[in-house]
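Participant: Each chain, letter by letter, is given below.
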Amino acid sequence: MTNPNGRFGIHGGQYIPETLMNAVIELEEAYNHYKNDSEFNRELTELFNEYAGRPSRLYYAEKMTKDLGGAKIYLKREDLNHTGAHKINNVLGQALLAKKMGKTRLIAETGAGQHGVATATAAALLGMECVVFMGEEDTIRQALNVYRMRLLGAEVIPVKTGTATLKDAVSEAMREWTSRIADTHYCLGSVMGPHPFPTIVRDFQAVISKEIKEQILQKEGRLPDAVIACVGGGSNAIGSFYHFIEDKGVRLIGCEAAGRGIDTFETAATINTGRVGIFHGMKSYFCQDKYGQIAPVYSISAGLDYPGVGPEHAHLHDIGRAEYVPVTDDEAVNAFEYLAKTEGIIPAIESAHAVAHAVKIAPTMDKDKIIVITISGRGDKDCAAIARYRGEDIHE
Amino acid sequence: MSNIRKAFENGKAFIAFITCGDPDLDTTAAAVKAAVENGADLIELGIPFSDPTAEGPVIQGANLRALNGGITTDKIFAFVKELRRDVKAPMVFMTYANVVFSYGAEKFISTCKDIEIDGLILPDLPFEEKEEFQPLCKQYGVDLVSLIAPTSENRIAMIAKESEGFLYIVSSLGVTGTRSEIKTDLVSIVKVVRENTNVPCAIGFGISTPEQAKKMADISDGAIVGSAIIKLLEKHGKDAPKYIGEYVKSMKDAIR
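Chains as they are written, first to last, in numbering that gives the first Met the number 0: chain A, 0 to 395; chain B, 0 to 255.
Possibly wrong hints are sitting among the right ones.
Said to hold, decoys possible - DEER-style ranges, computed between Cβ atoms:
(1) B:K106 - A:G101: 45 to 53 angstroms
(2) B:K137 - A:E245: 36 to 44 angstroms
(3) A:S37 - B:M157: 33 to 41 angstroms
Stated by the list, open to error - Below, a sample of chain B positions facing chain A; criterion: calculated Cβ distance under 10 angstroms:
(4) P51
(5) E54
(6) G55
(7) D73
(8) N97
(9) P122
(10) S145
Derived from the structure by calculation, the hints contain no laboratory data. No experiment lies behind these values; they were computed from the predicted model shown. We put the beta carbon where it would ideally sit given N, CA and C, even for glycine.
Work the whole structure out from these sequences, hints included.
Facilitator: Structure, rendered in structure tokens:
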């Protein structure tokens, strides 16, 4: 899907300061070498299986299916991975690659804290130094994850600039990378940023759709009718879609965080409300004003609270191969509670956006249809915030 | 010939960066005039961007103050048109790719020509992506200024060969902001630049004192100062222009 300059249609590219150009070129060369290196792949598979707990389950949600009375629903349980989210797939790949490149230090941005925790985990495992940038607002929303990162030996730097959320954490991590390149790898957490990151992160996350395909063929003897995942930057979604892109009969549905609604300013639904721009190293869709100033975005979910989207999603949208739908805070919170009560699974509030859309469309589909929802992470981290949303103040 | 060339005809060039609208456009106009009257050879006018990823805290602060004051690209265009009546020195815009792209690249670049802006510096537009705006810049006679960094190494010759206006040599790793010491082997970088182009080159990032400016200008064709000037605006607000004038004079005297 990627052309040599890291373009997905018109999207992607490398819009970064000259200071970083040789670093991304070095990364691309190393990645192109190691992705075909059998020893690298053996080590990564071992980390995936023995350390992260892959393959993750494809679980038939029988109660939910019966309750909704339509399509058969399967849940891809990325929440069962070590550290509780899909983020570990990408991080183990990038950390191993960085180590092979002779880097001794990982830096990362994080929104909800899941990518930061995953990076801190990989750094601890592989004996690397780790610094995580996190918007100050998010360090408050996700205090437990801040503690987890510190426990794992990482330094967490609260970012106070801009809106003090994920986009500012990305900007600050980029600034840090320009000041220290020789020993440092920027372990970007989503399918965004300059080439080759959108491709590298996608390839490491593509294990999700590779497994879904094998598992559904084994269980049902056929491909699903729809694959649904939440989209912030879009890494779990592209991971869930990737091996189905050529299977035109499979609907690919990305759920964007609409916050208080796409007709309000308090939204983070980039494809639904944004337009093409250039930011954080890539051309893609961004929430922005008419002068190209990046808009403050809002979602109850810290992990989807980002004003851009990965360039491959922008392209899949342009060519009509994937659909991107908005899901509000309210719908996501209802789905969060619904999945907990119906299946005994507490999803991350991010993943609850995907569940919410499935709840909408499953009843409209025939009983012989199949939907796969990727549960990208577990919801323990969100319990206090959801309680607050419902007017209940609990101590974390 | 590029109008920017004139900036390098008065001995070593002193290049001053000022963010438009920090704290307001009247102050920006007074600051530009004070800088030019006191020897600045080229003015870099910053068009603020909400998320300036190549800037340190000082210039980030200026961007924020200007945007909070309601500055927009259209207001800056009207302002520069007015400013051009009094200021003849070469001027370039420094901003981010999205500000140009989002305005409509052709509309933005053709307006630059109309209001006599001589060049464009976009820190997030490296050599590999310059096709985004280069053809339009050529069409309208606006120089697209290239940057060279301490990490450019094997890329220096390639960038220098296709450079226009002037070459902006980034003195140090990291973002903009004053530094006590500059350790990069700039002599070697400038040597490769000279072997590949006649376009003048100036050094920026981290320069604040007359001693640093002299050292950088001795190696190259000029010195670029941003954060040190912005700090004066941060400290003195509307009264900053007279301090900027004094400061620019001390810097230009040091490198003359």
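Participant: Evaluate each hint against the coordinates.
Facilitator: Hints, one by one, checked against the model:
no., hint, in the structure
1, B:K106 - A:G101: 45 to 53 angstroms, "holds, 47 angstroms"
2, B:K137 - A:E245: 36 to 44 angstroms, "holds, 41 angstroms"
3, A:S37 - B:M157: 33 to 41 angstroms, "holds, 35 angstroms"
4, P51, "holds, 8 angstroms"
5, E54, "holds, 8 angstroms"
6, G55, "holds, 8 angstroms"
7, D73, "holds, 8 angstroms"
8, N97, "holds, 4 angstroms"
9, P122, "holds, 5 angstroms"
10, S145, "holds, 8 angstroms"
Going down the numbered hints, you'll see the structure goes against none, and every one checks out.
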